[in-house]
Amino acid sequence: MPTKLPPVDVLLVGFGWTAAILGEELAQAGLEVLALERGQFRDTVPDFAMPQIQDELRYAVRHEMFQEPARQTITFRNNHAQTALPMRRLGSFNPGTGVGGAGVHWNGQHWRFLPNDFRQRSHVEERYGADFIPEGMTIQDWGVTYEELEPHFDRFEYLCGTSGVAGNLNGEITAQGNPFEGPRSRDYPNPPLERSLGTLLFDKAAREAGFHPFPAPASNTSRPYRNPLGVQMGKCTYCGYCEWFGCANYSKSTPQTTILPVLLNRSNFSLRTNCNVTRIKLDRSGKRATGAIYVDSSGEEHEQPADLVILSAYATHNVHLLLLSGIGEVYDPKTRSGTLGRNYAYQMVSGVDVFVEENLNPFMGAGALGQAIDDFNGDNFDHGPHGFIGGAYVALWTTGGRPILQHQLPQGTPEWGSAWKQAMAENYLRSASLSVHGSVMSYNDAHLDLDPTYRDAYGDPLMRLTFDFHDNERRMSRFVTARAEEIARAMRPRSYTVNQRQGPYSIVPYQTTHNTGGAVMGDDPSTSVVNRYLQHWDVPNLFVMGACVFPQNAGYNPTGTVGALTYWAAEAIKTRYLKNPGPLVDA
Amino acid sequence: MVPALTRRPGADGHFTDAERAFVDAATARIIPTDDTGAGAREAGVTQFIESQLAGDFGDAARWYMQGPFKDGTDEQGYQLPLTPAQLYSAAIRAVDQHCRDFFGGRVFADLDAEEQDEVLRGLEAGEPELGDVDSRSFFKMLRANTVEGFLSDPMYGGNQGFVGWRLIGFPGPRYDYTRFIGRHGEPFPLPPVGILGRDGFI
Chain A
113 MPTKLPPVDV LLVGFGWTAA ILGEELAQAG LEVLALERGQ FRDTVPDFAM PQIQDELRYA
173 VRHEMFQEPA RQTITFRNNH AQTALPMRRL GSFNPGTGVG GAGVHWNGQH WRFLPNDFRQ
233 RSHVEERYGA DFIPEGMTIQ DWGVTYEELE PHFDRFEYLC GTSGVAGNLN GEITAQGNPF
293 EGPRSRDYPN PPLERSLGTL LFDKAAREAG FHPFPAPASN TSRPYRNPLG VQMGKCTYCG
353 YCEWFGCANY SKSTPQTTIL PVLLNRSNFS LRTNCNVTRI KLDRSGKRAT GAIYVDSSGE
413 EHEQPADLVI LSAYATHNVH LLLLSGIGEV YDPKTRSGTL GRNYAYQMVS GVDVFVEENL
473 NPFMGAGALG QAIDDFNGDN FDHGPHGFIG GAYVALWTTG GRPILQHQLP QGTPEWGSAW
533 KQAMAENYLR SASLSVHGSV MSYNDAHLDL DPTYRDAYGD PLMRLTFDFH DNERRMSRFV
593 TARAEEIARA MRPRSYTVNQ RQGPYSIVPY QTTHNTGGAV MGDDPSTSVV NRYLQHWDVP
653 NLFVMGACVF PQNAGYNPTG TVGALTYWAA EAIKTRYLKN PGPLVDA
Chain B
3 MVPALTRRPG ADGHFTDAER AFVDAATARI IPTDDTGAGA REAGVTQFIE SQLAGDFGDA
63 ARWYMQGPFK DGTDEQGYQL PLTPAQLYSA AIRAVDQHCR DFFGGRVFAD LDAEEQDEVL
123 RGLEAGEPEL GDVDSRSFFK MLRANTVEGF LSDPMYGGNQ GFVGWRLIGF PGPRYDYTRF
183 IGRHGEPFPL PPVGILGRDG FI
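First to last, the protein sequences are chains A and B. Using my numbering, the final residue of the first sequence is 699, and nothing's skipped along the way. Using my numbering, the final residue of the second sequence is 204, and nothing's skipped along the way.
Treat each hint with caution, since some may be false.
[To be verified] Simulated coverage check for chain B against chain A, where a stretch passes if three residues somewhere in it have a Cβ under 8 Å from a Cβ of chain A: (1) 21–27; (2) 33–44; (3) 151–160; (4) 166–172; (5) 178–184.
[Unchecked claim] Label-pair distances were calculated between CB atoms; the ranges are: (6) 72(B) / 397(A): 39 to 47 Å; (7) 184(B) / 338(A): 20 to 28 Å; (8) 39(B) / 312(A): 28 to 36 Å; (9) 530(A) / 130(B): 23 to 31 Å.
If you're looking for bench data, these hints aren't it; they were derived computationally from the structure. Values in this document were obtained by computation on a predicted structure and should not be read as measured data. Even for Gly, the Cβ is constructed at its ideal location relative to N, Cα and C.
I would like the entire structure built from these sequences, with the hints used as guidance.
Next comes the structure, spelled out in structure tokens:
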């Protein structure tokens, strides 16, 4: 029997970005808040200190900061005819573990989704007609609008000290920013990072091609910044070790550099690390969460009672916990009934490598130092003649030049031998990559459930992922990649290589850690797990955060939208739920 | 209940003499010493791989290694029941046996460079059949580990004298490029440095 511990007001399961935001919001409101984190405690000092943190082999190649498949992984298959097999080593995506979660080792590419993205189905039906949506595609509206989220996008950007330049300030289009973005109520808190030569070459070429390039929004601080919580960040030094690493310089926005110095000092907040939650407990009615069961580092089980339970772990982990806890009806792809595990989506990523004459010094960079165009994202262009839904941004990011994983070689270069070596010598300093970062719509055959065979280190079934790319995404990707090729040509390189995403989705090569869906939000309990405030439809004292609530995935990195949704939910909890605990929306 | 994730220091003595000879010969073909300069041999790649195989990587300490093991599709990734250390050991035995059979009793390390390249090209293409060992998976791992040993920080035993970084023009991990980020196109003026410093190779 697990030991039963004294109750708390709020239990946060997982301690990354969403938990840090909610922890601060709810502790500030006077509640007693406890966070349980499966990984270790870590902070800028000593864990991310120079120079040991700048170790490509240890962190980027050997995955030291990420979830260990040995403890927990997923099984994967492309379709229902296959038997899912375990993802034995990480590949396609790198979920985090430990305090700060994947928020510690992201690049800081900080976007807002477009206004139309939140009305995906309604917008497509209005502009192109319902017939435009292909058979099997299960896109839906989010139940929340861009206008409702705008103050929360803004709040998250000011928390992070995001560096950028407005493209649409209260409806006025500016000259320097992204003219396609939704209206923002004020400019970014910090100006754009300094430009690399690669981003300037991209900017010139994209203009020549007739597009609208702008400095991509970066949660890497371009100057010293004190955020609204009073936490001080330092100016980025362009060391080139953002993604897969912790930041030594307090320049990348993470829970550690923006919230934790305040939150960890609050007497009504506590954190327990190395505590892996294995179940959310419900009372006999099945309509009230009573707390959670967790296993500590010595293998002992504890029961932690709480009045309000919030799932704030990584997207896939939140869905896994709901599945293990038997909360909600599991989606059945045969009957299309059930909602839990439904509408899993991902990101469709392709690119064009350019080999230029200029010395680009790729090792001087920052995770979100980039130049982008948004002309072909979302519904920023007329899809009528193309017959697909969705889009992608095209960007040249100068994230760094870590030599093992961050080098490009021209097409036809052998994988080894003298020719490989010579190509490395000729191209490392003089190449860059244009990324095409595309949306993935949701489909009735892409979903998450429990695996019948394989178990994790805690003896629980692994979660099973069934997913492949669909024709709509392939056509979107081909179209936008061809636009990237136009930019590449205008850069007048020595040569370039187009890397289309071909074949079935593979769990092997790294693509993005942008797993979405499985516990999606919406207005209709028959097609969503949580309501527009991220509150579980069946269990009103249970909220679910993270990208698992996205009904489908847009063509942007998700963190900006995840942060905005978290502040939106926090406001609803503080101003409405706490006064009258119960459903915030009638089912 | 939860597997311990321990670090095991020290590398010497992981390989048998035959394994060391194979890895030394094979990595010297993957990144040869040639007109462009030092290769895997000068970089210390064999020492790097031996040390990696003796530690967490060799043990697949972070990997999910519970059965049942089944053949999957390429998209499902690595499904062998072997840790990297076990894969190297089994594959080297099988490749050397294959070489003895086809090259008059000589093992891989005793072949001339052209013959070695021919064998490596075969492994890369998934030939020959090596019994239980998948030759493509082995080649992929060997090739990746060789590149790691050439381009990782010298404190791991490879990239000695920064030969890999010097070849490509990477100046090593550095804290602050503030004064250089705006100097577009100029060569970076300072020599490579490692995590343990300028002479920080073991």
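Does the beta carbon distance between residue 39(B) and residue 312(A) stay inside 28 to 36 Å, or does it fall outside?
32 Å, holds
Is it true that the C-beta distance of residue 530(A) to residue 130(B) lies inside 23 to 31 Å, as the hint says?
25 Å, holds
Between the beta carbons of residue 72(B) and residue 397(A), is the distance compatible with 39 to 47 Å?
42 Å, holds
Can you take a look at whether the segment 178–184 of chain B is actually covered by chain A? Rule is 3+ residues, C-beta closer than 8 Å.
Contact hint for the segment 178–184 of chain B vs chain A: holds, 6 residues under 8 Å.
For the segment 166–172 of chain B, count the residues whose Cβ lies under 8 Å from any Cβ of chain A; is that count three or more?
holds (count 6)
Quick check: do three or more residues in the segment 33–44 of chain B have a beta carbon closer than 8 Å to a beta carbon of chain A?
This one holds; 6 residues, not fewer than the three required, reach chain A with a Cβ under 8 Å.
How does the segment 151–160 of chain B fare against chain A when you require at least three residues with a CB closer than 8 Å, holds or violated?
Per the Cβ count (4), the hint holds.
Check whether three or more residues of the segment 21–27 of chain B sit with their beta carbon closer than 8 Å to a beta carbon of chain A.
As far as the segment 21–27 of chain B goes, the hint is violated, because 0 residues have Cβ atoms under 8 Å from chain A.
Mind checking the hinted window 20 to 28 Å against the Cβ distance between residue 184(B) and residue 338(A)?
Holds - the Cβ-Cβ distance for residue 184(B) and residue 338(A), about 25 Å, lies within 20 to 28 Å.
Going through the hint list in order, the structure does not satisfy hint 1, though it satisfies all others.
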